[in-house]
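Participant: Sequence:
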Amino acid sequence: MHAKAAPQTPELDPARREGDTVGVLAGDALRFAASFLDSIESDAAEARRTLAEEAKVCRKMAEAVAQAPLRNSSRVLTPTDLGGRFFTLTERMWPNAEVAGYLLGHVAELMQALPAADGALKNRLLRDAQQLRRVQRLLKIAPNAQLGPRLSELMPLLQKLELPVQGEKPFPPMLIDGVTADPVFHVAAQDAYRMVVGRELDDLPPMAGAVWSGKLALAWPQTRNEGWPLTPVDAARLANAVRCPREPWSRSPGMPGDWTDLKPEAAAEVLRLIGAHHRVGSARAPFPLAGFCDRVRTLALRCHGGVMLIETQGRVSGGATGIASFVLTENKVLAVDGTSAWIHELNDAVGPHLQDEGARLDYIRLFMNCVRHEGERFQPTESFEDLADRAADAALLRDLCTGHARAIEPAGFDAEGRWLFLLVVCHRQGFFATGLALAPDGFVEMIDDTLLADGVPVLSERMDGLFVILEPKEATS
Numbered sequence: 013m014h015a016k017a018a019p020q021t022p023e024l025d026p027a028r029r030e031g032d033t034v035g036v037l038a039g040d041a042l043r044f045a046a047s048f049l050d051s052i053e054s055d056a057a058e059a060r061r062t063l064a065e066e067a068k069v070c071r072k073m074a075e076a077v078a079q080a081p082l083r084n085s086s087r088v089l090t091p092t093d094l095g096g097r098f099f100t101l102t103e104r105m106w107p108n109a110e111v112a113g114y115l116l117g118h119v120a121e122l123m124q125a126l127p128a129a130d131g132a133l134k135n136r137l138l139r140d141a142q143q144l145r146r147v148q149r150l151l152k153i154a155p156n157a158q159l160g161p162r163l164s165e166l167m168p169l170l171q172k173l174e175l176p177v178q179g180e181k182p183f184p185p186m187l188i189d190g191v192t193a194d195p196v197f198h199v200a201a202q203d204a205y206r207m208v209v210g211r212e213l214d215d216l217p218p219m220a221g222a223v224w225s226g227k228l229a230l231a232w233p234q235t236r237n238e239g240w241p242l243t244p245v246d247a248a249r250l251a252n253a254v255r256c257p258r259e260p261w262s263r264s265p266g267m268p269g270d271w272t273d274l275k276p277e278a279a280a281e282v283l284r285l286i287g288a289h290h291r292v293g294s295a296r297a298p299f300p301l302a303g304f305c306d307r308v309r310t311l312a313l314r315c316h317g318g319v320m321l322i323e324t325q326g327r328v329s330g331g332a333t334g335i336a337s338f339v340l341t342e343n344k345v346l347a348v349d350g351t352s353a354w355i356h357e358l359n360d361a362v363g364p365h366l367q368d369e370g371a372r373l374d375y376i377r378l379f380m381n382c383v384r385h386e387g388e389r390f391q392p393t394e395s396f397e398d399l400a401d402r403a404a405d406a407a408l409l410r411d412l413c414t415g416h417a418r419a420i421e422p423a424g425f426d427a428e429g430r431w432l433f434l435l436v437v438c439h440r441q442g443f444f445a446t447g448l449a450l451a452p453d454g455f456v457e458m459i460d461d462t463l464l465a466d467g468v469p470v471l472s473e474r475m476d477g478l479f480v481i482l483e484p485k486e487a488t489s
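Numbers given in our numbering equal positions in the sequence shown, counted from 1, plus 12.
Derived from the structure by calculation, the hints contain no laboratory data. Do not rely on the hints blindly, as some may be mistaken.
As the list claims (entries may be wrong) - Here are the in silico distance ranges between beta carbons for each label pair:
1) V209 / S164: 14 to 24 Å
2) P217 / M105: 15 to 25 Å
3) F396 / D50: 50 to 60 Å
4) G293 / P22: 51 to 61 Å
5) E259 / A125: 51 to 61 Å
What the hints assert, rightly or not - Straight-line distance between alpha carbons at most 30 Å, and here's what the computed DSSO-like set of lysine-lysine pairs gives:
6) K68 / K152
7) K16 / K68
8) K152 / K172
9) K344 / K275
10) K152 / K181
11) K344 / K172
12) K152 / K344
13) K72 / K16
14) K72 / K152
Just so it is clear, the structure is predicted and the values come from calculations on it, not from any experiment. Ideal Cβ positions, reconstructed from N, Cα and C, are used throughout, including at glycine.
Work the whole structure out from these sequences, hints included.
Facilitator: Structure below.
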């Protein structure tokens, strides 16, 4: 089997479907999946027959899940559909949502596994598979929900919720009374139950209601990660620090873009948020206070739907000035610690938005500037200005950049459907011609690197905790 073409993809982004139900979104996804199954070519008659049968079931389930995601699928499926996978002689019920979720996952696997006519088509299939899996996850978490702000607000609770199993006992009241007495929790629990089960929590028998309330209560504290709020004294210290910073910015931003230098009130608010989630030392001091932070600048990341990349300037022990970076999403404050773990967590939280070339270039710059090896980044070198604040010999560095620096160049696709890029990076004191492959899920692989120049006169960098420090000239040499 192989794919020679792909049907037109409908709008499957939940953020653009506000007002629709999850079931209606899943129905559109299933109709798209059926069209894809119809487009697959195979020389084997049995494979063609299976694909046609699966496409037929997708279309049947599209209508069923859109109208009633929690209704018994036996009203739609015949005993032989999908090889009898969902046929049972017992009392077990397979909701339409569960069958639809299986079909979306199955077709997504086909999209990922099938060979395609070229790299561009394979890339398209990988992106389409991502969309089907996103709908599949949503259908599993909240099959009866309506798309919109309330679902987005409750998504952390729904993601943490462990569904009760048959015969489960209620939790001891002493463990959950503090949560269940919260009126905000009560409303959230009612809405969440409705999104998952399609009924009213208050209508359950007392024992079953207690079990469900307990499950929701256990998940509730995990979703309200407000950190460890700062004391009024600590908040006042931060406000004073940003009103009177000790010095100007010591360096240019860590990646190019349209940065905003925050005014004192906004800067203090960002530092309070960081301090609530990131504490250091045995005294658990807020990071911005322990690091003497007094400046903040921000960049909206196009590659992640506008979430904010934060840089804050402070000092480390010994008095050296450094810059620490964080990413702020609606639910997380992620520290950019030099590893790749934070960007994978960011991708899981908000997904990489790589639909257009500008966003993909943004992602490459973010990844290469913020994921480090032994404290040093693989800094894309598009001009002398990218390295100017690291120059140990500005004149010589400018000459080398004139000969080697280049804009990041998109270079099509590889056979696996990944976007390819050609660029020059500066790592330690070397220029390298580099080839990168970027998958739609945000995974970056360096597929080629050739040394262009050694002994490039740039100062080294190192990590001191979360701070990036520029080494003095004598340490670099």
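Participant: Now look at each hint and say whether the structure bears it out.
Facilitator: Quick rundown of the hints versus the structure:
{"no.": "1", "hint": "V209 / S164: 14 to 24 Å", "result": "holds (20 Å)"}
{"no.": "2", "hint": "P217 / M105: 15 to 25 Å", "result": "holds (19 Å)"}
{"no.": "3", "hint": "F396 / D50: 50 to 60 Å", "result": "holds (54 Å)"}
{"no.": "4", "hint": "G293 / P22: 51 to 61 Å", "result": "holds (52 Å)"}
{"no.": "5", "hint": "E259 / A125: 51 to 61 Å", "result": "holds (56 Å)"}
{"no.": "6", "hint": "K68 / K152", "result": "holds (22 Å)"}
{"no.": "7", "hint": "K16 / K68", "result": "holds (21 Å)"}
{"no.": "8", "hint": "K152 / K172", "result": "holds (13 Å)"}
{"no.": "9", "hint": "K344 / K275", "result": "holds (23 Å)"}
{"no.": "10", "hint": "K152 / K181", "result": "holds (24 Å)"}
{"no.": "11", "hint": "K344 / K172", "result": "holds (15 Å)"}
{"no.": "12", "hint": "K152 / K344", "result": "holds (23 Å)"}
{"no.": "13", "hint": "K72 / K16", "result": "holds (25 Å)"}
{"no.": "14", "hint": "K72 / K152", "result": "holds (19 Å)"}
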